[in-house]
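**Q** Sequence:
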Amino acid sequence: MKKKIARIEDKCILCMQCVKDCASGVWREIDGLPVPLAPELCNRCSHCLSICPENAIVNDYLESDQVRPVRRELINSEVFREIVLSRRSIRHFQDKPIAPEIISDIIDVSRYAPTASNSQHVGYIVITDPKILSEISSLVFSTASKLHEYAGTRTGKLLFKGLKLNPAMDAVIRKYIEPMSYYIELKESGRDLILHHAPALVLLHGPALSFFGADNCNIAAGTMIHYAHSLGLGTCFIGFVTLVSRFNKKLRQLIRLPKGRTVYASLVLGYPAIRHPNTVSRKAPGVQWIIG
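Heads up: the sequence shown begins at 34 in my numbering, then just goes up one per residue.
None of these hints come from the bench; they were simulated from the model.
A portion of the hints provided could be inaccurate.
[As the list claims (entries may be wrong)] Derived lysine-lysine pairs resembling DSS-like cross-links, with alpha carbons at most 25 Å apart: (1) Lys292 <-> Lys316; (2) Lys179 <-> Lys316; (3) Lys179 <-> Lys36; (4) Lys164 <-> Lys35; (5) Lys53 <-> Lys37; (6) Lys220 <-> Lys292; (7) Lys179 <-> Lys197; (8) Lys208 <-> Lys194; (9) Lys220 <-> Lys164; (10) Lys208 <-> Lys316; (11) Lys220 <-> Lys208; (12) Lys179 <-> Lys129; (13) Lys194 <-> Lys179; (14) Lys282 <-> Lys220; (15) Lys179 <-> Lys220; (16) Lys208 <-> Lys179; (17) Lys292 <-> Lys282; (18) Lys129 <-> Lys208; (19) Lys36 <-> Lys164; (20) Lys179 <-> Lys190; (21) Lys164 <-> Lys190; (22) Lys164 <-> Lys316; (23) Lys164 <-> Lys179; (24) Lys208 <-> Lys197.
[As the list claims (entries may be wrong)] Per label pair, the in silico range of CB-to-CB distance: (25) Ala247 <-> Ala317: 42 to 50 Å; (26) Asp64 <-> Ile108: 21 to 29 Å; (27) Glu168 <-> Gln127: 20 to 28 Å.
Cβ atoms here follow ideal geometry from the backbone N, Cα and C, with glycine treated the same way.
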């Protein structure tokens, strides 16, 4: 059966909200009536179903059973602010697995995060296998330690001297490469400086040739970390996994990254072994107001 977008005439009150809110130009006013004139332009945003006060729209391209009344009594700005201010990057986790349904719930909430043009192309890889997690951690750490070894060679010294002329690169080298001997000692003592012995790693990926793949994945990841925090879980962005996956084929194979996809965000997830009873200090935002 051919899919359709239509107005249920005996329920429609002609409020024109569907026309007003349709960003794709599907719904248009024709002779005082809302008409789905260009259904081929629909980007599946669901706004027509969401805004209609009478449930007078049929859109076969959408799962209408997911659309429900908003529970505005649950929305509280103070609660949300406290979630944001109290969330910390966690690097010490309990030796306790996370139930798959909890991880699925966190991912389910994150799929409602905005994506460019409602592309909804964010994919997820969830890894809870301790052996694979250990391999990922070792592979990523060894990449950094090899850079440290190279930095000590004659050629490496010349290269890194040039790289340090760039302030951004200088900061990275000073923070992560030059202290590597200390990091190696910590690793040998049993510390996991990459995945922090977390029970789960979530990788968010999108099309390799997407203009906004990184934006979409990181917006979804931002949603994940705050919802996870509200559930009593801790998270931490692992940028080194994201970075190394770009050029290390072995890592891409290890995480079973689908062909044509790029990892844009990586998160570890688990039950915190520590709690922060206080909020933290942050720099004042640099804001430029342009007022008419």
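**Q** So which hints don't hold here, by number, going up?
**A** 1, 2, 3, 4, 6, 12, 18, 19, 21, 22, 25, 26
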